[in-house]
Amino acid sequence: MPRPEKPLDPFAGPVEQFAFDLRKLREKAGSPGYRELGKLSHYSASTLADAARGQRLPSLAVALAFVRACGGDEEAWERRWRDIGEQEADEPASASPYVGLQAFTEHDADRFFGRERLVGKLLGKLEHQDTVLVIGASGSGKSSLLRAGLLARSDGELITPSTHTALPRTEKLLVVDQFEEIFALPHRDEFIAELTRRGHQTVIGMRADFYGHCARYPDLVRAVEDAQVLVGPMSTDELRKAITQPAVEVGCALETGLVARLIADATGEPGVLPHVSHALLETWHRKRGNTLTLTSYHESGGIARAIANTAEHAYTSLDERQRTQARQVFLRLVTPGDGTEDTKRRVKRTELAADEVVEHLAAARILTVDDDSVEISHEAVIRSWPRLKDWLAEARDDLRVHRRLTAAAADWEAHDRDPGSLYRGVPLTRATDWADREPGALNAEEKAFLDASKAAAEHAVAAGKRRTTNLRRVVALLAVLLLVATTATVFAVRAQRQATEQQTSALAQKAIAEANVLQNQDPGLASQLRLAAYRLTGLPATRDALLSTFAAPPVTLVKGHTDATSYAAFRPDGKVMATVGDDKALIFWDLTDPHHPAELSRVHAGDDATHHMTFSADGTLLATANWDGFIRLVDLRDPRHPVEKARLSGHDGQVQAVALTKDARTLISAGKDRTIRFWDLTGNHPTQVRTIQAHTDLVHGLALNEANTVIGTASWDGTVKLWDLATGTNLSTIDPSNGDFANDSVAFSPDGTTMATGADNGELRLWNITDPRNPSVLSANTEHVFSVHTLAFSPDGRFLASGGGDKSTRLWDVRDPRNLRAAAALTGHTDTLWSLAFSSDSRYLVSTSTDTAVRLIDLADLAYPRHTWTAWELAYDPRGRFFATVSTDGSIKLWRPRDGHPEAISSLPLPPGTEATAVALHPHRDVLFSSTLAGSTLWDTTDPAAPRRIADVPTGATEWIAAARFSHDGKLLAFAESTGVIQLWNVSDPASPTRAGQFSVPAVANVVTVQQMQFTEDDRALAIAGGNRQLELWDVRDPAQPRAFTAIATDEDERPIQRGGQAGRDVVMSVAVHGTVMAFANMDSTATLWELADPAKPRKLGTVPYSGPPLQRLAFSPDGKLLAAGTTDDLVRVWDVSDPAKPSERAVLRGHTDRLWGVAFAPDGHTLVSTGTDRTVRVWDIDVESTAARVCATTTAHLSTHQWEHYFPGVEPRPLC
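Heads up: the sequence shown begins at 12 in this note's numbering, then just goes up one per residue.
Honestly, the hints are just simulated from the structure, not real lab data.
Incorrect hints may appear among the rest.
Unchecked claim - Ranges of calculated distance between the beta carbons of each label pair, as one might list FRET restraints:
(1) LYS570 to ASP735: 40 to 50 Å
(2) GLY436 to ALA204: 26 to 36 Å
(3) ASP401 to PRO438: 51 to 61 Å
Given the structure is predicted, the values throughout are model-derived calculations rather than measurements.
Every residue gets a Cβ at the ideal spot worked out from N, C-alpha and C, and that includes glycine.
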């Protein structure tokens, strides 16, 4: 019997009340089981049961499906659902960490993220310049940068030209924001002159499209030409921080899908930040509990429509009279552009005679109101709201007339109604004509000015003749204008070039963000976008994205079906794959090159869906299970010309699954009729030989063990049963959920000792079936959210793949079935996943889904052996044959790169149960040194696949060996105990190693004293990095009497000090040496380069440009021009150090998921290997053109003209490959 539901308190809250009433509705419908409701609603039983638990509000679709299945009123329930959603959203609105359309202020510094780099740059400029121009597109975040970035850290005052006709008298920092306003004001000349003469620190914030206006003011040009900060688009990392961190600070979370969608929607869009902020605010209002969801984002209208939706809703909620006033208000609040975009305009409240409308629009955050002024909250409203854009288009000429009239009236008032300020001639005529057409549009000040101008015009007399004077003035003016025009042209050309470059850069960054979103759905397109972005700009971000392309398992989309794909299977030799879909097509694919599948043939699969299929062991026969009730046998001796060999009928209704014995003499089938049936295929006419009434509900899963002795079946009746193939006897029955949930899938491990089952509630279980009559649970996992429809063991027995209703594929390491460990989570499908299958070599995994996609995943970096715990030390064979890794799992493995992925070729035969700690490779001979807690050994690696013990090294160490290194001449081996004792051994004859000497470096309590060691190129010195907060240099030319050269303390100056002097401030993490150059890194994240021509007198050459988590390991490339490091987060960083005085960043590689421990270059200089806490060993190609060539070779299609125009509008297409 199913377990009873937990009682609900309907008074605990609206969600609990909703669930309580759903249960009541189900009772009125006769209390049908959730499985029965699932059949009616097409949702899983677990999903419907969850909807009635009262733990969270179900999605609207699930709620309505539940109601529909119970015969309820869908409209009434939808209203209830939306009411509850609004209640949940209203509760935390006042505490939103997002500011919407408002600019961040000094008080918002604690929620202002993503612009730390730009703030630092601005502060740096102010250290050397009195006047700095901050320039950027509208919506780039200039105002927020100035307020929450600069003024939150500096004592200063902020003004805008429209609110201050004169500069305040202050010697403090003055920030003039929205400087573009000055060009529309009558006192602009005086204001700019006063600003350039100020003599104190001044920061000007201005829209980029007004850049050319500055050329009219030579003093302003001189003041800012060498002190400008461009506010460009945020990088992806900056944008992610700006999106997520405010919510994190208040204890909320964002769905991963929401973050990815926001970044994709925002990256590269001009002026997008206010759209992002407003969309986040609206999403916040709609959040579910403490989580901002992708669904809520879409409900808000997203970046594209959220602002327009808010503005339109605020406008349409007004009555007709108020709507007329609202139009006049908005038109007053905009200054139409003249060769530039329209700008918002701040006005005094007295200029507007519509207080009620203004307050209403301010409540919607469309307008910003203070004590005496009103303005549109952000110019994004002008760009985004279609209705306002229409108003502006209709009234553009009139609006210019009105703006000029308003400015002239204000100037007239400011000059005590000076008659000289009145309108005359054409301006007066235009203003009068407009006022006659728009009665009521004038405020009191404007009306008084226009009336006075008309009166003055009636009494005006012609001016005196001053032709000569006027001519001189004209000549002088022309000269000035020529100079201004020339200067303006230079500025304009420069600005245009910068604008074009900035636009292309923005499109490239947006393409990178889109590629990250597409990586799972269409990895080929994602790779092409990364390549295109790099070809267009060569920016570091695009370079890094391209170099990191192959960090994730490569995925090939096999395109051929036009409807849901239900099943895929590999022919046993792996050279042919079969796929089938709801389009009734059965397609066969040539996998000679798995990255470029080629269609061999296609045939009609049947009159209904095909749910399952299997190849015979020799690959010449394919059996399919069809929902039309037939089993089809297809002759595949020539896959280019498949022939239907037989069609078997017998099941009453759908056939769910089929299996073939190895000899292809017997076929087993399972169906909706609850039976399993046995078929004899030996004759020309296959016959049914046995039928078993196996279950009390549909049999969904069927599996046959490798030995062809046991059958497993999984049923919707909640049970899994094991059967004897020979006799048809039921060996055992298990009911994992006591009948509560259906079982959808079953699979056997290759050795036949383990069975996997997947249930409708997302539960995955492993069973010990060594004795199939007495199965026992080994382990269980519930990471899948919905049904587990499909299971597949890899033929090598290492992995189990599972997939189903949550659209994800999960890989599990099942080498120890009692400890089910996640190996990878592969996403990309956008709908229910129906089948999974491994190729015979375990390298490829194919998946099918309702979303029509067939995804062929290359698991090269997963399908080969890897460490089961942290891989923390790494050494590369100087001849490039292999590299070695050390892991806390107790192993030292030897690997070789294969197709850009590591392939394990052997493991050292170390004593069982010990822990490996260090490894080193001889520079000239096939010799490897290893150390474990059980001892140290030299190995012969002539054949890396079969390392042979040469000799043990009797170290006598009292502690574990933390680091080891051979000298460059190969005669000396140095290794360090964790306590700081350094042993030196003569290994000229590896078969007879002898102790040559030892010394100690100062130890620090609770710190590993030695982290890394390196010999100098001439073997004169040994450099030692460790926890004693000094980089030690020791003279080891006479190993019997080593002596200290010097030490470099890690204080602010990294100055050489006398040994035994004051220690530095932090642990020295790593050291690397090439030629006469040494690099070392501290725990405080600084890394420096030193010249070691005389190890006794090291000289600092430069500092690596880096700030971030500590650098864990350092490694030079063979030619010494590159320096690589692993960080304590998850990045591999590479710098160009060909000029040690000016190191520059070369690459940032993303792919690891935890801290890095080891990095090493291959002898070719462009292959890099890294290891880390995520247990993986990764191979990187840091040659950009080599990576580009690989993208071109492995992607099945290139960017079409339509795709180029979509992702790079306005940019001339160019060849990528």
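Now for the hints, and whether the structure bears them out:
1. LYS570 to ASP735: 40 to 50 Å: holds (43 Å)
2. GLY436 to ALA204: 26 to 36 Å: holds (28 Å)
3. ASP401 to PRO438: 51 to 61 Å: Hint violated: Cβ distance 27 Å, outside 51 to 61 Å.
Checked against the numbered hints listed earlier, the structure breaks hint 3 alone; every other hint is satisfied.
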